[in-house]
Amino acid sequence: MSSASHSDGSVQVLVEIHDQPLESLALADRLASPHAGAQLWFHGVTRRTTKVPSNAVSDAEGGDAEGSDPSVKLTDQLAYEAHRPMAIKQLTALAKQAAETYDLLAVVVVHRLGIIPIGEASVIVGVSAAHRLRTFEAVAWIMERLKQDVPIWKQEQYATGQSEWIHPIVEAADESGRP
Amino acid sequence: MSAATQRMVFRVDLFAGAKQLAGTDHVHVDVRVDAGVDEGCTASDVLTRLADQHPELAELIGSCRLAVDCEYVSNDCAVNPSSSLALIPPVSGG
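As given, the protein sequences belong to chains A and B, one line each in that order.
One point on numbering: in the numbering used here, the residue at position 103 of the first sequence is 103, and numbering is uninterrupted.
To convert, count from 1 in the second sequence and add 1000; that's the numbering used here.
Okay, chain A solo, but in the shape it has when bound (with noise of 0.2 angstroms):
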């Protein structure tokens, strides 16, 4: 496990690497203040199917059964991996942000690597502010910059065998990196 764990004032920051299945219940007294009048939790979770974009269907692409949609991928698994210390820095870094900009009392942000079967979480992200508002701008801003500039990478194993590193391609964030 990586981890980094900073008081900068009065807000908590807890940022972690794990090998193993996240417990969410050990994190819950992460974001206890008596000043806070809302805490919120987000858990990205593996899902079974991914859709295919169109111009990219083929016949041989398709599920792995006799008459699926071939629009739609079949997950066994993913697997992460990640530039450790680098995520480690970045996702701090992050989260020290969003504590300034959404005004927040606590962050929490742990990501798993290695195989995560269909249903188990591979990143959760907590906060907690004085107002529920600030907390849902908080985790989308987070998760957004996590998946633009955090050195962690998925691998896709689908149901036929087959497997790929996952590597989008996506429009430069503008220069307040706000969504």
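To be clear, the hints were calculated from the coordinates, so they are not data collected in a lab.
Quick caveat: nothing in here was measured; it's all calculated off a predicted structure.
Some clues are possibly wrong.
As the list claims (entries may be wrong) - With a straight-line Cα cutoff of 30 angstroms, these simulated BS3-like cross-link-like pairs (lysine-lysine) come out:
1. B:Lys1019 to A:Lys89
2. A:Lys51 to B:Lys1019
3. A:Lys147 to A:Lys51
Claimed, not checked - Where chain B lies over chain A, by a calculated footprint (3+ residues, C-beta under 8 angstroms):
4. 74 to 84
5. 144 to 151
Stated by the list, open to error - Listed below are several chain B residues computed to face chain A (Cβ distance under 8 angstroms; list not exhaustive):
6. Phe1015
7. Ala1016
8. Gln1020
9. Ala1022
10. Ile1061
11. Ala1067
12. Cys1070
13. Ala1078
14. Ser1082
15. Ala1086
16. Ile1088
17. Pro1089
18. Ser1092
19. Gly1094
C-beta: ideal position from N, C-alpha, C; glycine also.
Take the given structure of chain A and dock chain B to it, following the hints.
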């Protein structure tokens, strides 16, 4: 190699699709720079030489960023072999 040319060898760590294409988790890149060039070797030089010397990575490199000591750098950033370099393909965490 002339006396006015400086040779530098960089280790570049690889991940995900790049690691799969290269069949290894790191490669070495040989960069030769004119000794009189003030900026020495840049990130762009390393990426260009990386594509030349490891053609299996050439197609992916165009979409990659270079990280030096755990920070993304611009193409014109000067780099030296004592730093930790990593080729960062488009990320897909979360």
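Each hint, compared with the structure:
Simply put, B:Lys1019 and A:Lys89 have alpha-carbon atoms about 22 angstroms apart, close enough for the 30 angstroms limit, and the pair holds. Note on A:Lys51 and B:Lys1019: the hinted pairing holds, with a Cα-Cα distance of about 26 angstroms set against a maximum of 30 angstroms. Note on A:Lys147 and A:Lys51: the hinted pairing holds, with a Cα-Cα distance of about 18 angstroms set against a maximum of 30 angstroms. Only when three residues or more bring their CB closer than 8 angstroms to a CB of chain B does the claim for the segment 74 to 84 of chain A stand; here the count is 4, and the claim holds.
Against chain B, the segment 144 to 151 of chain A contributes 6 residues with a C-beta closer than 8 angstroms to a partner C-beta. That satisfies the three-residue criterion, and the hint holds. Interface hint status for B:Phe1015: upheld, as the beta-carbon distance to the closest one in chain A is roughly 6 angstroms, under 8 angstroms. For B:Ala1016, the interface hint holds, since its Cβ comes within 8 angstroms of a Cβ in chain A; the closest pair sits about 4 angstroms apart. With a cut of 8 angstroms, the hint placing B:Gln1020 at the interface with chain A holds, because the nearest CB-to-CB distance is about 6 angstroms.
Among the interface hints, the one on B:Ala1022 is violated; its C-beta lies about 12 angstroms from the nearest C-beta in chain A, farther than the 8 angstroms criterion. A cut of 8 angstroms between beta carbons decides the hint on B:Ile1061: the least distance to chain A is about 12 angstroms, and the hint is violated. Annotation: B:Ala1067 was flagged as interfacial toward chain A, and the flag holds, the nearest CB pair being 6 angstroms apart, inside 8 angstroms. Taking 8 angstroms as the C-beta contact cut-off toward chain A, the hint placing B:Cys1070 at the interface holds, the least distance being around 4 angstroms.
The beta carbon of B:Ala1078 comes no nearer than 19 angstroms to any beta carbon in chain A, farther than 8 angstroms, and the hint placing it at the interface is violated. At a threshold of 8 angstroms, the smallest CB-CB gap from B:Ser1082 to chain A is about 17 angstroms, leaving the interface hint violated. Interface restraint check for B:Ala1086: the shortest CB-CB distance to chain A comes to about 5 angstroms, inside 8 angstroms, so the restraint holds. Given hint, B:Ile1088 at the interface with chain A, holds; its Cβ is 5 angstroms from that chain's nearest Cβ, closer than 8 angstroms.
The closest approach between the C-beta of B:Pro1089 and any C-beta of chain A is roughly 5 angstroms, which is under the 8 angstroms cut-off, so the hint is satisfied. For B:Ser1092, the interface hint holds, since its Cβ comes within 8 angstroms of a Cβ in chain A; the closest pair sits about 4 angstroms apart. A least Cβ separation of about 5 angstroms between B:Gly1094 and chain A falls short of the 8 angstroms threshold, and the interface hint therefore holds.
In summary, the structure is inconsistent with hints 9, 10, 13, 14 from the numbered list given earlier, while agreeing with the others.
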